[in-house]
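Those protein sequence lines, which keep their order, are chains S and P.
Residue 315 in my numbering sits at position 315 of the first sequence; the count goes up by one each step and never skips.
Residue 236 in my numbering sits at position 236 of the second sequence; the count goes up by one each step and never skips.
The set of hints was computed from the structure by calculation and includes no laboratory data.
As the structure is a computational prediction, the values presented were derived from the model and not from experiment.
Even for Gly, the Cβ is constructed at its ideal location relative to N, Cα and C.
Incorrect hints may have been included.
Stated by the list, open to error - Listed next, the in silico BS3-like pairs over lysine-lysine satisfying Cα-Cα at most 30 Å (straight line): (1) S/254 - S/236; (2) P/289 - S/536; (3) P/289 - S/516.
As the list claims (entries may be wrong) - Across the chosen pairs, the derived CB separations fall in these ranges: (4) P/132 - S/360: 49 to 55 Å; (5) P/61 - S/353: 56 to 62 Å; (6) S/333 - P/159: 21 to 27 Å; (7) S/397 - P/133: 54 to 60 Å; (8) S/106 - P/31: 51 to 57 Å; (9) P/169 - S/537: 27 to 33 Å; (10) S/84 - P/132: 57 to 63 Å; (11) S/106 - P/169: 34 to 40 Å; (12) S/333 - P/133: 20 to 26 Å; (13) P/102 - S/372: 43 to 49 Å; (14) P/37 - S/433: 21 to 27 Å; (15) S/109 - P/125: 37 to 43 Å; (16) S/108 - P/90: 43 to 49 Å.
Stated by the list, open to error - Here are a few chain P residues that face chain S, going by a calculated C-beta distance under 10 Å: (17) 127; (18) 130; (19) 150; (20) 255; (21) 272; (22) 281.
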Amino acid sequence: MGNELNRRSFLNAAVSAAGLVAMGPLLSACGGSGAQRAGVNSDAGLKAVLPAYVPNTSIKPDIPSVAGGADVMTDPGFLSYPSTRAATVSGIPGKGGRYSAVTPLWGTIPPADNSFYQAMNKALGAQFEMKPADGNNYNTIIPTMTAAKKLPDWVTLPAWWSPNFNTGGLVGNQLADLTPYLSGDNVKKYPNLAALPTAAWRAGAWGDKLYGIPSFSTGFKVSGCTFYRRDVFEAKGITADQVRSAEDLMNLGKELTDAKAGVWAFDDVYRYTYTAFGAPLKWKVDNGKLVHLFETQEFLDAADWSRKLAVAGYVHPDALAGDNAAGTTRFYGGKTLISGGGTGGWNLADHQSGQAANPNYRRGAFNFFSADGKSAPRVYTGSATDIISYLNINLKPEQIEECLSIANYLAAPFGSAEYTMVNFGVEGTHFTMEGGVPTPTDAGKKEVQAQTFPFLGAPAQVISNQSAQNVTKDITAWQAANVKALTKPVFWGMNISMPQAQATAEAAQPVEDTLKDVIHGKKSIQDLKDAAATWKSSGGGDRLIQWMNDNVLQKYGTGQ
Amino acid sequence: MTTLRSDRTRPPARLNWRIRLRRDRSLILMTLPAVVLLLAFNYAPLFGLVTAFQEYDPLAGVWNSPWAGLYQFERLMSDPLFWGAVRNTLYLSFVQLVLFFPVPIALALLLNSVLSQRVRNFIQSVVYLPHFFSWVLAITIFQQMLGGAGAVNHFLRNNDIGTWDVMTNPDTFALLVTSQVIWKEAGWGIIVFLAALAAINTDLYEAAAADGAGRWRRLWHITLPGLRAVIVLMLVLRLGNALTVGFEQFLIQRNAVGHDTAEVLDTFSFYYGIATNDYSYGAAAGLFKGVISLLLIWGANKLAHAFGEDGLYRR
Chain S
1 MGNELNRRSF
11 LNAAVSAAGL
21 VAMGPLLSAC
31 GGSGAQRAGV
41 NSDAGLKAVL
51 PAYVPNTSIK
61 PDIPSVAGGA
71 DVMTDPGFLS
81 YPSTRAATVS
91 GIPGKGGRYS
101 AVTPLWGTIP
111 PADNSFYQAM
121 NKALGAQFEM
131 KPADGNNYNT
141 IIPTMTAAKK
151 LPDWVTLPAW
161 WSPNFNTGGL
171 VGNQLADLTP
181 YLSGDNVKKY
191 PNLAALPTAA
201 WRAGAWGDKL
211 YGIPSFSTGF
221 KVSGCTFYRR
231 DVFEAKGITA
241 DQVRSAEDLM
251 NLGKELTDAK
261 AGVWAFDDVY
271 RYTYTAFGAP
281 LKWKVDNGKL
291 VHLFETQEFL
301 DAADWSRKLA
311 VAGYVHPDAL
321 AGDNAAGTTR
331 FYGGKTLISG
341 GGTGGWNLAD
351 HQSGQAANPN
361 YRRGAFNFFS
371 ADGKSAPRVY
381 TGSATDIISY
391 LNINLKPEQI
401 EECLSIANYL
411 AAPFGSAEYT
421 MVNFGVEGTH
431 FTMEGGVPTP
441 TDAGKKEVQA
451 QTFPFLGAPA
461 QVISNQSAQN
471 VTKDITAWQA
481 ANVKALTKPV
491 FWGMNISMPQ
501 AQATAEAAQP
511 VEDTLKDVIH
521 GKKSIQDLKD
531 AAATWKSSGG
541 GDRLIQWMND
551 NVLQKYGTGQ
Chain P
1 MTTLRSDRTR
11 PPARLNWRIR
21 LRRDRSLILM
31 TLPAVVLLLA
41 FNYAPLFGLV
51 TAFQEYDPLA
61 GVWNSPWAGL
71 YQFERLMSDP
81 LFWGAVRNTL
91 YLSFVQLVLF
101 FPVPIALALL
111 LNSVLSQRVR
121 NFIQSVVYLP
131 HFFSWVLAIT
141 IFQQMLGGAG
151 AVNHFLRNND
161 IGTWDVMTNP
171 DTFALLVTSQ
181 VIWKEAGWGI
191 IVFLAALAAI
201 NTDLYEAAAA
211 DGAGRWRRLW
221 HITLPGLRAV
231 IVLMLVLRLG
241 NALTVGFEQF
251 LIQRNAVGHD
261 TAEVLDTFSF
271 YYGIATNDYS
281 YGAAAGLFKG
291 VISLLLIWGA
301 NKLAHAFGED
311 GLYRR
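So here's chain P without its partners, still in its complex pose (with noise of 0.2 Å):
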């Protein structure tokens, strides 16, 4: 200890560390476990991307497979299938930050003004609930309701009205997944806008009635802006996310539709590579992916720092 004081090119932050070390020992070991677990599942299969510098072959292992270079990211640039695969998942993704990203916001906005507790819980409980549900379920929930030989249309044919063919249509497809994502998760999204709500000053409010602001105006200067933090925050989240727009959704559907435009990067992935035994195939899309993915969420996270806001983390 003594050596380590007399150490004097040490810089004092030094000092500053074993100190908020000390400090915040008990929150430390709490968030352990939490990231244990990331380096775990999240950080050493990073490994694993060496293969898309390969011809793996899962009997020699990653250490005897030979080396193909950049071979599998020149055979990607160069497949049709793969650009469809990203029109797809860009388009998918815009349309839903369109029409899915306000809901979970409008429906906060809406439970908020519910002034009865109990009916602010049942309508919460019944939002909530199919966030719970799998995929497979939900989508089989469609297909009895919607499909060819569902409710809808089996009373449609009955009465002679004509079908509805909405499961089964590519030209509708991606209004058909964001009602899905809609009907899944608008309302286990509304939670953390609900929080940021709770937070916000009741004082304002009282005070902006009192100088005679209506409802649209207390919305417009004292909700909006309360929320405007978070707003930003999952925004920034999505725009890194676009090129996640799901896996199990559109595997489950890419038959229904046909691969053209069910095709997203994550099915592309699944079917050119692990299907077909082309492992390191579809390690270099799902590496060009994560990268593509890392700039959009920089790119975003600058431009919320740009406008002031926090973004993922406080500047």
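Only chain S is shown next, with the shape it has when bound in the complex (with noise of 0.2 Å):
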């Protein structure tokens, strides 16, 4: 089955059955109830503190943004690296002041000291201890730091993990009250930070105040959406784009299965279509009373449609069997043609391993669609980042201008000098240009490319795959055809913090784990309504949802 049970696959799987998956700080929960917390951002404390939004136009996209609702847009796309790599920094950031970091790295560790490192401190202006840590392991490498109140000076702290790292009981106990060197006007000092997103800063903050600095933010954030083989749908003649319902999507279960051959049109689905169905992402508010997910007949709707995809032989046995590990393979190899998953994966990597296994391979996405075909099509966006960087409360007020004044050197924008410095380090060192497109050599590839610096400060994510033009036009063509439908779920962007008792009632095992079995076939909809039932009477749900009604609803709102 090839499952990779490291801890990563572990904690992705106890996130996505929270339905936190790349939702982060949406609904973040706080461990235990011991520990002090900061509490929930509220709309008009933030509204005061928040920086201001200074967009830098110094250089230009080949495909701009297009802007959807309040805080949605989609990413600018390059289609060649630019030629001119631009200064947006004066001078050198730093004052020799000396900084240990630590970030999260899923890769092999560079060597210490190495020649980029070398390279970026004397281009920063002060001494960085760079200590990537294994990001597979990183859950529980930075608790003992907290628990022994040793972090470093500057440390990542992604939002996923909120809960595992407590990070709401960290600020204002280990980690630095930006606020007063950010908030509003204060943040021009530092231009490339003020170009950062009004709602990636949000996602940093807690209790009302600024904390986090964020990291390759977006302004079109989705758990996911509904992949397809591109490449076999127009052998085939199959216009993606035709698919506008639930009813749509199931047709092309049974013209694309071919059993025989090994091929099954699906994969897993339901976590990108179940709100197709008009089901909340986890919370919505009907007439002023709070409703949770498991609560509404939409839920039960669109864990049917998943079942009736399983029952009818549409969806390949390997994913039936649990095993999601080995998805992408599936789909590289054409035994799967329709599969869900995050937007991140759709990149040039992917397009080179898609191409390693079939020439023509060219990975689409479905349109969002709404699941009766009739109401206006519709997904729930997510906080604007979930890497967050956080200083450490010890650092001097002089210290943490200096740390500023550098992230805003590392958030200088794409292209610019200082992005090709933090991304590509040194011309000539690690990574030479060919064709116009900065192409990193040996030493390149083991010390600048195991990324470091960008997580702790980086400018608003872009779409840019040089040496695969198609890629980016095919992304950039799917968010602007999708960036309406982009739509703020109930308690947006506010950093809950809940007590332990919530938090577990949250994460709803018992419900989850039925809902697998029902969408892989093997149980009812009656036995996931009473599973959702025993949840709300026996398994904390009512006090969940009274709580949150109590201690969010009724004192800040929806944050919508």
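Can you join these two chains into the complex? Each is in its own frame, and there are hints to help.
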């Protein structure tokens, strides 16, 4: 089955079970009732502190961003690497300070004190002791530091682990409040930080104060979408844009499944289709009353649709056997043709891996649709980023200012001189320009491509797959076609920290377990109904809903 | 020294202890590393059990987490999912006891009857090998062979025979996992029995054969009595571990057959304790399992002694 049971996939399983995948701080919960927590972000309180937004216009993208609703826009696209490499920071940002930094790294840890670190220290004007830590074990490495109150000067705390780190309890106790330095017009001292979208700052705000510095922020954050094999569809003469309802999608199952040839139309798609049925992401407010996903008929309808898909034999047997890890391999190999997944998986690396399996490989994504085919398509947007770095509370004010100047350098826009330095290193040593594309040398692959500094600070996301322009065009076109469908869910960006009992109830393991059995065709919708009813009465569900109503909805509103 | 020696109230055993210490000095030194390991990794973590009586908060730590008394155990006792896990664990354990336990014994007897040393070594290597595979790999092989898209079903489908759904069928799950255990562990399990067989005096066989005893009589009257002590020891250990049927094997296949069937106590602790940050609840489930296991092993050992066997230790 190829199940990679490393810690990360454990965690992902746990996180996605809690329905939190890629939605990070949106619904994050704090562990324990003993520790002090930051509370909840309120709309009015945040408005007073959020940094001013001053977009950077010096480097023009080939495909400009398209605006959607409030805080929503597509990522700009670059078909080639900007040749001018304009500088956005004058002088050297640092003042010779010494700082330690811990960042997660999914890959081989580069050697300490390597030539790239030395070049970066020179460019930044400060001595950074970079300590990248194994991303797969990151959720166990950080708690040992927080328990000993020995966090480094600068640390990345990915938002999907907020419950594990108890980030809401660390801010103000071990992590510095950046509000005085960044709120309102103060941020204009750091123009590249001011160019980060407001929603990204919100993701790092706790209890109406600014703590986190966001990296890799985007205006197009969705938990995922339904992908298809565009090359296969086009060869069969199927136009994906014609899929406008759940029924259309189901019909593709019959058309594409050929079990004898080892081809099944679908991998698991429930997580990426359930909101199409009108089900809320997790909460909705109905005539002033707070309603949980598990209480809605739409939730049952969505599960039933996925169940029918499985029972009809349109889903790959390995997916029904619970093997998600090999899903990408099945998709590359053409064993499945439709598969749900995070939008982050659609990039140059995917293109290259796919083409290695099949030279015609082309990934496409269905437009978001509503299940009945009549209502307006809608998909919920998450907070603008999950990668957020924090500064240690023990730093002196002048040290915090120095670090923020350095963050300003790190957040320089795509294609600038600073961006090239942070992401590719020194030309000639770490990369060479080949056909207008910065191409890493062996030293660059080892020391620079294992990303460290961008986890402390980075500009807003752009779409750029230089050697595969079609991928950039496909993604930007898909985002532009769907940007209007992005909707803020209830409690968007409020960073809610809740007591342990409520957090456990929210994870709702028994319901999630039953749901898995239902969408794999092993249990009935009545079983799911029963599981949801049990969860409400004796699994803490009713108490969770009451708590959310009293402590969040009534006090702070919906945050939409 | 003189004061000690003149201390008449001390029992004479004291001297014995010192003499024994001097005599066994090198043996004790040799076991020391193992004892240290045991203390560091098996006994020291026992202090963590205190979290079962708390509302443990990882950030606050063990010392500062609020006490909850027996609250976690009350939750456990009234949780139908927990009892489901207990039931599954006992059922799977029972099926494995009946279907798996005799296999290594039979295999050892068969192997022992092979005379050619070369054939014996070859068979031994082949049956040992799967033990060194991880569960992930073992189940992958089963899935590739017997899964819905695996080799067997691919053949059946292409010949229009209809498919055989064994990897995701909850009704036959106990048989599936037992056959997986047999495939993976039976070869490894024969080692201890082969050692016991080698210890049986071959003179007995020759004498019995001279008296006209056939193959089955020799098996019944010489081989099995020779193995009895080891079989009872393994049985005692097995009963003591009745609540430990494995973790990874079930974790990996839990989604395939559903949690109703595949949830065992260890996966329960993981999913309802660790995965949902409810550490104290997981610790309570673990402690419950530990106490019951201790009672089981104590009971089984008593039973072995009652039947005049050594059990875990000589009485």
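Consistency of the hints with the structure:
{"no.": "1", "hint": "S/254 - S/236", "result": "holds (14 Å)"}
{"no.": "2", "hint": "P/289 - S/536", "result": "holds (28 Å)"}
{"no.": "3", "hint": "P/289 - S/516", "result": "holds (27 Å)"}
{"no.": "4", "hint": "P/132 - S/360: 49 to 55 Å", "result": "violated (41 Å)"}
{"no.": "5", "hint": "P/61 - S/353: 56 to 62 Å", "result": "violated (44 Å)"}
{"no.": "6", "hint": "S/333 - P/159: 21 to 27 Å", "result": "holds (23 Å)"}
{"no.": "7", "hint": "S/397 - P/133: 54 to 60 Å", "result": "holds (58 Å)"}
{"no.": "8", "hint": "S/106 - P/31: 51 to 57 Å", "result": "violated (42 Å)"}
{"no.": "9", "hint": "P/169 - S/537: 27 to 33 Å", "result": "holds (32 Å)"}
{"no.": "10", "hint": "S/84 - P/132: 57 to 63 Å", "result": "holds (58 Å)"}
{"no.": "11", "hint": "S/106 - P/169: 34 to 40 Å", "result": "holds (36 Å)"}
{"no.": "12", "hint": "S/333 - P/133: 20 to 26 Å", "result": "holds (24 Å)"}
{"no.": "13", "hint": "P/102 - S/372: 43 to 49 Å", "result": "violated (59 Å)"}
{"no.": "14", "hint": "P/37 - S/433: 21 to 27 Å", "result": "violated (56 Å)"}
{"no.": "15", "hint": "S/109 - P/125: 37 to 43 Å", "result": "holds (38 Å)"}
{"no.": "16", "hint": "S/108 - P/90: 43 to 49 Å", "result": "holds (46 Å)"}
{"no.": "17", "hint": "127", "result": "violated (24 Å)"}
{"no.": "18", "hint": "130", "result": "violated (16 Å)"}
{"no.": "19", "hint": "150", "result": "holds (8 Å)"}
{"no.": "20", "hint": "255", "result": "holds (2 Å)"}
{"no.": "21", "hint": "272", "result": "holds (6 Å)"}
{"no.": "22", "hint": "281", "result": "holds (8 Å)"}
Of the numbered hints given earlier, the model fails hints 4, 5, 8, 13, 14, 17, 18; all others are met.
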